[in-house]
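Novice: Here are the chains, one letter per residue:
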Amino acid sequence: MSAERLRLMFAARRADNSTALLPFMTAGLPDPGHAVEMFEAMAGAGADGFEVGIPYSDPLMDGPIIQEGGARALAAGVGLEEGLEIAGRVIARTGLPALVMTYANVVVQAGPDEFARRAADHGVSGVIVADLPLEEAGPIKAAVERAGLGMVLFAAPTTTEARLRRIVEAEPVFIYGVADLGVTGERKIASSRAGELARRIREVTGIPLVMGVGISTPEQAAAIAGSADGVIVGSALVRRALEAQTPTEAIASLATAVREFRAAL
Amino acid sequence: MKLERPDARGRFGEFGGRFAPETLMPALEELEHAFEGAWADPAFRGDLDRLLKDFVGRPTPIFEAERLSAQLGFRVLLKREDLAHTGAHKINNAIAQVLLARRMGKPRVIAETGAGQHGVATATAAALLGLECDVFMGEKDIERQSLNVYRMQMLGTRVIPVTSGAGTLKDAVNEAMRDWVGTVETTHYVIGSVVGPHPFPWMVREFQRVIGDESLAQLGEDLPDVVVACVGGGSNAIGMFYPFAGLGIDLVGVEAAGEGIETGRHGASLGEGSPGILHGTRTYLLQDADGQVQEAHSISAGLDYPGVGPEHAYFQDLGLARYVSITDDESLEGVSLLARTEGIIPALESAHAISWIAKAAGELQGKTVLVNLSGRGDKDVQQIAEARS
Ligand SMILES: Cc1ncc(COP(=O)(O)O)c(C=O)c1O
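The listed protein sequences correspond, in order, to chains A and B.
Just remember that my numbering sits 43 ahead of the position in the first sequence, which is counted from 1.
Just remember that my numbering sits 9 ahead of the position in the second sequence, which is counted from 1.
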């Protein structure tokens, strides 16, 4: 059961009273040949697991940085199969749990069962679909869980109490708490909404809570760490992978960044 | 059978739905309730009807196109949406949505635009009703529809260039959605066609059905055999088709064949696409085997879209309407044909419908054909001149 790996990781972090660091990285950066090595460097720097982005042509939940990451990966020939292969090799080499993050059409075109089976074959622990709210999640969530993977559901600052209750009742493998209004991207100032959302979710459930979107500095991560089981850092890392002049520089830069986030948690 | 409204999950059969980020879900629920309330409220309907009459200039006439009929050998009627204020049917939806936004207490509206007609319509409604307005427009469209950019700016709207993707309508929708994810508590997204997550496809159809409802009332017993409209996202077409569906009338939607279907550079999502999810709805799309959405191609910015409204997908699968396509070159001939026979320069979008009736003249002999002339061509004059040179 691949989802088990993720559950064990959260249990271990709760046991040692720390917060899991889950870097997001688009599969295929800085280039397909160095993708696995870059994830390995982040693992060595203290990551607890990964969110591996499978690129999609129209990522409407993503800001300019992750859009650019996806466009670059797509141009380098990274689609679903290549993305899953990268995730699989990262899992095999690091022993860490990894989830794949994509958009509904990528799952639906593969077919939910086929998508889930292929992800499971590569050892993937869970699935995050940015444009899949609870109301539409049914068939995909069922397929993912049949394959032994965990399905993630979102809760946002705008989510009402009634919706939050229904999301909790669906028992996702973890709740992705959207830390700020808006799409993914770096923020100068941490959202004041994150703490409030985390508190609301904690009040109604013990399901692991991972906060993400707009967490772009170690200080911002530290500020929310106490109220969540994990934090996802995406744009701040993808930007470094995009800005690096060489793959070696990207790998070094990502290791440094992850070490800084780890130290802050 | 046509559906009065989609089911509780926003589906027209297997199409439609609400594939949106969680952040937007409460706003979509709020919008659905606000729309239901407003649509059933005589005060809102009264306000809207007054604006449609005195500001937009409705009802738009149905014009007997005698010289075109004589040339083609069958009777052609034109529903003159080009005479609506701002020059296209887009104002019907824009003014209703901005009125609804004001009722919902949202001080700001945003919109995407391709040809610029929806952007101009939204900018106009926002100026009229005193709301702040930002419009997202692809870089390529800003270039080919520059007249409409100036019009929006004159109306006090900020036009935000979109550089992602091919810089066309699909990218403008992405960017408007992204803005909305961050501003949803104070902003209403005035989507410009019968696309997007539920309740948009249904709501926009209800706001555009005035085209077909009016036509039925104007024609009385004198019903047409065929009704034709161009299809980008599909709002002018569904607005015209919906009231006619189920009356045994041949409903024909005309998509963009761009440089030719066989070149792969076109916008014929119903004709050539397959079911998938884009911009919050399940519908026919131009996409590859991995589910990556392809770029559409059309000389007409308003038809340059790789998806289509889910109700058209439903109409196609049930045979309630059929969908054909017309190339860029053919659409230019459509512009000339209507300009020279009737003294009306149509929008490039609408010219696709005109061109199809000329092309299908053989099968249309002896019939009465009602064409929805969705907009006027002023915005396209420069582009047409360049295409001809
Ligand atoms: C005149 C005109 N007709 C048609 C369209 C296509 O949109 P729809 O298919 O939603 O009517 C546009 C869009 O910009 C337009 O300006």
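Accuracy of the hints is not assured; some may be wrong.
Stretch-level coverage of chain A by chain B, calculated; a stretch enters the list once three of its residues show a Cβ under 8 Å from a Cβ in chain B [as the list claims (entries may be wrong)]: (1) 153-164; (2) 202-208; (3) 224-230; (4) 262-268.
Quick list of in silico lysine to any residue cross-link-like pairs, SDA-like style, CA-CA up to 25 Å [what the hints assert, rightly or not]: (5) K149/B <-> K231/A; (6) K11/B <-> E178/A; (7) K231/A <-> G191/B; (8) K231/A <-> Q391/B; (9) K62/B <-> T195/B.
Partial list, derived from the structure: chain A residues whose beta carbon lies under 8 Å from chain B [as the list claims (entries may be wrong)]: (10) L123; (11) F197; (12) V211.
Simulated from the structure, these hints should not be mistaken for lab results.
Backbone N, C-alpha and C fix where the C-beta goes; we use that ideal spot for every residue, glycine too.
Novice: Now tell me, hint by hint, if it's right for this structure.
Specialist: Structure-based check of each hint:
1. A stretch counts as covered by a chain when three or more of its residues have a beta carbon under 8 Å from one of that chain; for the region 153-164 of chain A and chain B the count is 1, and the coverage is violated.
2. Check result for the region 202-208 of chain A against chain B: holds, 3 residues qualifying (beta carbon to beta carbon below 8 Å, three or more required).
3. Only residues whose beta carbon comes within less than 8 Å of a beta carbon in chain B count, and the region 224-230 of chain A has 3; three or more means the coverage holds.
4. Under the rule that three or more residues need a Cβ within less than 8 Å of chain B, the assignment of the region 262-268 of chain A is violated, with 0 such residues.
5. Between K149/B and K231/A, the direct Cα distance comes to roughly 32 Å. Violation of the 25 Å bound is thereby established for this hinted pair.
6. Restraint check for K11/B and E178/A: satisfied, since their Cα atoms lie roughly 24 Å apart, inside the 25 Å limit.
7. Between the alpha carbons of K231/A and G191/B the distance comes to roughly 15 Å, so the proposed pair stays at or under 25 Å and holds.
8. Between K231/A and Q391/B, the direct Cα distance comes to roughly 44 Å. Violation of the 25 Å bound is thereby established for this hinted pair.
9. Taking the CA atoms of K62/B and T195/B, the gap is near 29 Å; set against the 25 Å cutoff, the hint is violated.
10. Given the 8 Å rule on beta carbons, the hint for L123/A holds: about 5 Å separates it from the nearest Cβ of chain B.
11. Look at F197/A: its Cβ gets to within about 4 Å of chain B, closer than 8 Å, so that hint holds up.
12. A least Cβ separation of about 13 Å between V211/A and chain B goes past the 8 Å threshold, and the interface hint is therefore violated.
Checked against the numbered hints given earlier, this structure breaks hints 1, 4, 5, 8, 9, 12; the rest are met.
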